[in-house]
Amino acid sequence: MKRLHIMVRFCLASLIVLGFAGALWFSHSAAAAERLDAPKNAAAAASDDGALFTAFVPVLRHPRCMNCHSQGDYPRQGDDGHPHTMNVRRGPVGFGVTSEKCSTCHQDHNLAGSHLPPGAPGWHLPPPSMPMIWQGLTDAQLCESIKDPKQNRNRNLDQLVEHLTEDKLVMWGWNPGEGRTPVPMLHDEFAAKVKQWQAAGAPCPAR
Amino acid sequence: MLGFSVNGKRVDLDVDPSTPLLWVIREHLGLTGTKYGCGMAQCGACTVHINGEAVRSCVAPASRASGKAVTTIEGLSPDLSNPLQRAWLEEDVPQCGYCQSGQLMSAAVLLREKPSPTDDDIDEAMTGNICRCGTYPRIRRAIHRAAEMVAKGGAQ
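Chains A and B, in that order, are what the protein sequence lines are. Going by my numbering, the residue at position 104 of the first sequence is 597; the numbering climbs one at a time, nothing skipped. Going by my numbering, the residue at position 50 of the second sequence is 348; the numbering climbs one at a time, nothing skipped.
Possibly wrong hints are sitting among the right ones.
SDA-like mimics (lysine to any residue), calculated; alpha carbons at most 25 Å apart, straight line [unchecked claim]:
no.	chain 1	residue 1	chain 2	residue 2
1	A	K686	A	R673
2	B	K366	A	P610
3	A	K661	B	M338
Some chain A residues flagged as far from chain B (calculated, every beta-carbon gap over 10 Å) [claimed, not checked]:
no.	residue
4	T547
5	Q634
6	R648
7	E659
8	D660
9	P669
10	T674
Since the hints were derived computationally from the structure, they do not count as laboratory data. Only a predicted model underlies this, so the values are computations on that prediction, with no experimental measurement involved. The beta-carbon is built from N, C-alpha and C at its ideal position, and this holds for glycine as well.
Using the sequences provided together with the hints, build the complete structure.
Structure, rendered in structure tokens:
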């Protein structure tokens, strides 16, 4: 009887040891698989036809961004992108003209109340020498455009990512003031997607 | 304490920095030439200059003027000698007059940057200043007239 007990205990102990060993082997294999997969993921990203870019492009195409990156020599307003009232123009450096400069009405902060001028530090349009017009571009063209230093105010990729994720005027899109729709993605999620795109080599859609 | 200059005079005021500059100008300093129109930067009646640039004082917090030079309609000239003021009188521009100080302050920035403005330049600069009496044709003529005065040597 005592011998039977010893055998049972031995079998149980063996099962436990085998179980641990199996678990260890599985987790090690999974980790190895992950490590092996990592370069594959990066390679896939580089040829993902721009999926990492298009993941955050709804923000770039939202009226909060597009109203200042649109065609024409003027800013736009509203979710319908109508031309800015008062015949406001881009001006020689993107800050408006004469008595209708951006700073005539816009402060460095939003004003409380609907239909009051929104604001953020450095409120302006891209300058006419580099107007950064995104309206009418395909995703591929938009991607190439924002990466091109000749079209993005001489920003390298790090500076572009910093602009997209930290610039106070860009950040305004998440806090546009009363009566305006914010951009359609949480900022943390947007920043993570932009940095994921950057880490993969900033691939663009093929066309 | 908020310090800035108004029409060349230094002022130091104990006001909440978020107070609209318009109220500081009108209520604290008694300069009532600058008018309250819409209160939301839509009409231009409250236009003044901060460091020479047109600003809608109804929405600008007083803190924006801190350390800077504010010019109101009273400071455009001490004796109505500014070419714009003279042209305004000669063309008999105002009807009710309520918007005219804002019109003049906007026109002053226009003429400084474009001494010989075209009609398009005037439209570009002045569209944001609303006149419910519809004095726009006279405003345009007066700006052209003032531009001629400046071109002939009249100081702006």
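Checklist line | Hint check, failures only | finding: Hints that this structure does not satisfy do not exist here, as all of them hold.
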